[in-house]
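Enquirer: The residues making up each chain are set out below.
2 protein chains.
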Amino acid sequence: MDFGFKVTARDRDTKARTGKITTPHGEVITPVFMPVGTKATVKAMTPEELLSIGTEIVLSNAYHLYLRPGDELIKEAGGLHKFMHWNRPILTDSGGFQVFSLSPVVKIDDDGVEFRSIIDGSLHHYSPEKAIKVQENLGADIIMPLDQPLAYPADKDETVVALIRTTAWAKRCKKAQKRDDQWLFGIVQGGFDPALRKKSADEITSIGFDGYSIGGLSVGEPHDVMYSMLDITVDRLPEDRPRYLMGVGLAENIVEAIERGIDMFDCALPTRVARNGLAYTWEGKVSIRNNKYQNDHGPLDGDCGCYSCKNYSRAYIRHLFISNEILAHRLLTLHNLFFTQKVVNKARDAIRENRFKLFKNDFLALQASKKK
Amino acid sequence: MDFGFKVTARDRDTKARTGKITTPHGEVITPVFMPVGTKATVKAMTPEELLSIGTEIVLSNAYHLYLRPGDELIKEAGGLHKFMHWNRPILTDSGGFQVFSLSPVVKIDDDGVEFRSIIDGSLHHYSPEKAIKVQENLGADIIMPLDQPLAYPADKDETVVALIRTTAWAKRCKKAQKRDDQWLFGIVQGGFDPALRKKSADEITSIGFDGYSIGGLSVGEPHDVMYSMLDITVDRLPEDRPRYLMGVGLAENIVEAIERGIDMFDCALPTRVARNGLAYTWEGKVSIRNNKYQNDHGPLDGDCGCYSCKNYSRAYIRHLFISNEILAHRLLTLHNLFFTQKVVNKARDAIRENRFKLFKNDFLALQASKKK
Chain A
0 MDFGFKVTAR
10 DRDTKARTGK
20 ITTPHGEVIT
30 PVFMPVGTKA
40 TVKAMTPEEL
50 LSIGTEIVLS
60 NAYHLYLRPG
70 DELIKEAGGL
80 HKFMHWNRPI
90 LTDSGGFQVF
100 SLSPVVKIDD
110 DGVEFRSIID
120 GSLHHYSPEK
130 AIKVQENLGA
140 DIIMPLDQPL
150 AYPADKDETV
160 VALIRTTAWA
170 KRCKKAQKRD
180 DQWLFGIVQG
190 GFDPALRKKS
200 ADEITSIGFD
210 GYSIGGLSVG
220 EPHDVMYSML
230 DITVDRLPED
240 RPRYLMGVGL
250 AENIVEAIER
260 GIDMFDCALP
270 TRVARNGLAY
280 TWEGKVSIRN
290 NKYQNDHGPL
300 DGDCGCYSCK
310 NYSRAYIRHL
320 FISNEILAHR
330 LLTLHNLFFT
340 QKVVNKARDA
350 IRENRFKLFK
360 NDFLALQASK
370 KK
Chain B
0 MDFGFKVTAR
10 DRDTKARTGK
20 ITTPHGEVIT
30 PVFMPVGTKA
40 TVKAMTPEEL
50 LSIGTEIVLS
60 NAYHLYLRPG
70 DELIKEAGGL
80 HKFMHWNRPI
90 LTDSGGFQVF
100 SLSPVVKIDD
110 DGVEFRSIID
120 GSLHHYSPEK
130 AIKVQENLGA
140 DIIMPLDQPL
150 AYPADKDETV
160 VALIRTTAWA
170 KRCKKAQKRD
180 DQWLFGIVQG
190 GFDPALRKKS
200 ADEITSIGFD
210 GYSIGGLSVG
220 EPHDVMYSML
230 DITVDRLPED
240 RPRYLMGVGL
250 AENIVEAIER
260 GIDMFDCALP
270 TRVARNGLAY
280 TWEGKVSIRN
290 NKYQNDHGPL
300 DGDCGCYSCK
310 NYSRAYIRHL
320 FISNEILAHR
330 LLTLHNLFFT
340 QKVVNKARDA
350 IRENRFKLFK
360 NDFLALQASK
370 KK
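If you read the protein sequences in the order shown, they are chains A and B. So for the first sequence, numbering that gives the first Met the number 0 puts the first residue at 0; every next one is plus one. So for the second sequence, numbering that gives the first Met the number 0 puts the first residue at 0; every next one is plus one.
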């Protein structure tokens with residue numbers, strides 16, 4: 000197998016680390032942010048644009064692709080890489096989160112989950128084996144087992160049931176895996192109960208996976224609750240396997256999680272807020288709709304250097320956004336992804352130079368400095 | 000002035016000709032199709048993408064930009080070229096057509112037109128002098144006078160009034176022009192009455208402009224009516240000035256008009272139909288929504304070679320389109336503009352090689368061959 004993970008540097012004062020994941024479609028330096036291409040496209044971007052801003056791996060979603068255009072069709076097309084014209088690493092989520100958060104669930108039991116399609120209301124059954132089959136048809140480099148996430152807050156009984164089920168499903172997923180050119184991660188759940196988080200981490204690691212995802216966080220809980228769950232979980236994960244915090248993509252949260260030893264992140268936030276007119280900058284967030292940018296002929300962010308900032312003014316991008324022009328979505332999406340990539344790049348450098356804490360504090364202070 | 004127009008070759012058997020327009024922002028080979036960037040952006044495209052497919056000049060619209068973000072703001076930004084990051088030639092329409100076709104018109108008289116904004120209902124007054132002032136603020140290379148177009152069919156009395164007004168306004172526009180780094184074209188009107196078309200052409204050419212636009216066509220009349228109006232008009236325009244047929248962008252119409260001696264075209268059609276899922280191909284039009292493309296892993300057009308056709312399948316683009324993904328609009332827009340550019344490129348070659356008629360007949364036959 001063309002797979003591997005190697006930690007190449009550790010920050011002296013924190014749990015932050017940088018490393019390298021090798022996959023059949025190339026290498027990924029960690030910590031890494033994975034732009035979300037839910038439906039086999041990172042919204043508004045071409046693969047070439049993603050490469051131009053340094054994207055190393057994208058995430059796509061088995062649930063959405065299973066429903067449309069169908070995993071069998073993508074297999075027939077030569078797999079997801081070819082279908083979406085992205086020849087670098089891809090990670091697919093199993094669809095568990097989407098089944099539970101988007102679809103009207105008809106029935107859930109230990110066997111799996113029956114749900115209705117959000118597209119046409121048709122009835123579908125998803126099981127651990129089905130989740131693996133779908134992801135084997137898609138052919139991503141890294142795949143996820145079916146799990147049962149919870150909302151926040153979750154009561155203890157519910158959390159226990161979901162935990163037991165997640166562990167049982169993880170075992171079945173591992174057993175169901177046929178392809179040997181895909182890495183299968185385990186997903187730690189356990190809600191917001193420290194003891195259950197530990198239990199889940201211990202159970203999932205004892206099954207043994209190629210990497211470990213931390214699921215069920217960033218679902219509405221306060222940040223300090225998320226960070227304390229991270230602290231508890233990461234300490235129980237093996238040092239030599241990548242750690243992936245699912246669904247976290249706000250730069251402030253990313254740097255906090257990197258400090259706690261997380262290697263991988265994904266989130267639709269940078270691209271979604273872009274389409275709502277929000278630009279990340281090194282001095283905080285800019286809502287481009289704001290009247291005060293109407294005559295602002297400077298770039299979104301003077302310290303950026305992305306294509307959007309090099310060539311267009313706030314006044315122009317605001318005009319495009321107000322006029323509902325597609326180019327507004329493109330320029331803001333590119334900018335936010337570039338910004339997020341630059342944050343992880345700077346984090347990597349800081350780790351290698353043993354100054355991660357300083358980097359983090361400076362970054363967070365600057366983010367909070369100007370509320371725009 | 001850095002301006003000029005030179006006919007470089009004439010087809011032996013038709014009135015088709017190829018030439019070169021020189022502007023302060025570069026050269027344009029004719030016949031040329033100008034993609035429409037109504038609101039200072041060719042919808043879904045970046046300037047770099049337009050350059051990559053061979054676009055030489057874009058059209059923008061004074062009416063829309065006057066209303067939002069305002070021509071004064073664009074002047075303050077350094078002009079339209081800088082504002083929209085397009086350093087090649089730009090042509091602006093005066094806004095006359097939009098005033099009459101989009102806005103609730105409150106009053107029209109010989110002085111000008113009073114109308115309500117389609118954005119916020121505010122009251123505005125547009126006059127020939129105002130149209131020039133707005134376009135001088137925008138700073139395009141080629142600008143248009145205010146005219147009064149008509150719908151099809153138009154009665155004779157109405158046509159006469161509009162003709163007289165268009166001539167009077169053309170004189171005032173020429174007089175109002177202050178900048179000497181912009182070419183001002185005259186616009187021939189005259190509705191669908193041969194005698195009035197001739198009269199308008201004679202009046203406008205006797206005023207003397209840098210080039211001549213043919214307005215008031217492609218507004219719903221049958222194609223043969225349009226072509227006969229073209230024949231009448233072109234014969235009365237000077238040989239040494241560019242001729243611009245406003246609002247025509249369907250490739251079949253373009254080649255017919257090139258045969259009749261037209262040099263310049265603009266139309267929102269190739270970009271608009273793209274956003275509605277229609278792709279032009281050398282064998283006719285493809286509606287990508289069609290179920291039959293669901294499993295079609297070939298390109299939009301096997302004879303194309305554009306970025307979209309080189310890298311993506313019909314099945315993928317259909318999936319994107321059905322899923323309402325921005326990338327669908329991008330790929331289809333790029334493809335349709337590439338196709339239209341290639342049509343004029345091939346027309347230029349055919350003219351230089353004295354085989355325009357053959358080219359036209361082959362092209363039209365192939366377009367009609369497969370109704371997809």
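If you are wondering where the hints come from, they were derived from the structure by calculation, not from laboratory data. Some hints could be false.
Said to hold, decoys possible - Derived DSBU-like pairs (lysine-lysine); straight-line CA-CA distance at most 30 angstroms:
| hint | chain 1 | residue 1 | chain 2 | residue 2 |
| --- | --- | --- | --- | --- |
| 1 | A | K5 | A | K341 |
| 2 | B | K309 | A | K81 |
| 3 | A | K81 | B | K341 |
| 4 | A | K106 | A | K174 |
| 5 | B | K309 | A | K291 |
| 6 | B | K81 | A | K341 |
Stated by the list, open to error - With the Cβ distance kept under 8 angstroms, some of the chain B side facing chain A (calculated, not the full set):
| hint | residue |
| --- | --- |
| 7 | H123 |
| 8 | S312 |
| 9 | S322 |
Glycine included, every Cβ here is placed at the ideal spot set by N, Cα and C.
Enquirer: Report the numbers of all earlier hints that the structure fails to satisfy, in ascending order.
Expert: Of the numbered hints given earlier, those the structure breaks are 5 and 7, listed in rising order.
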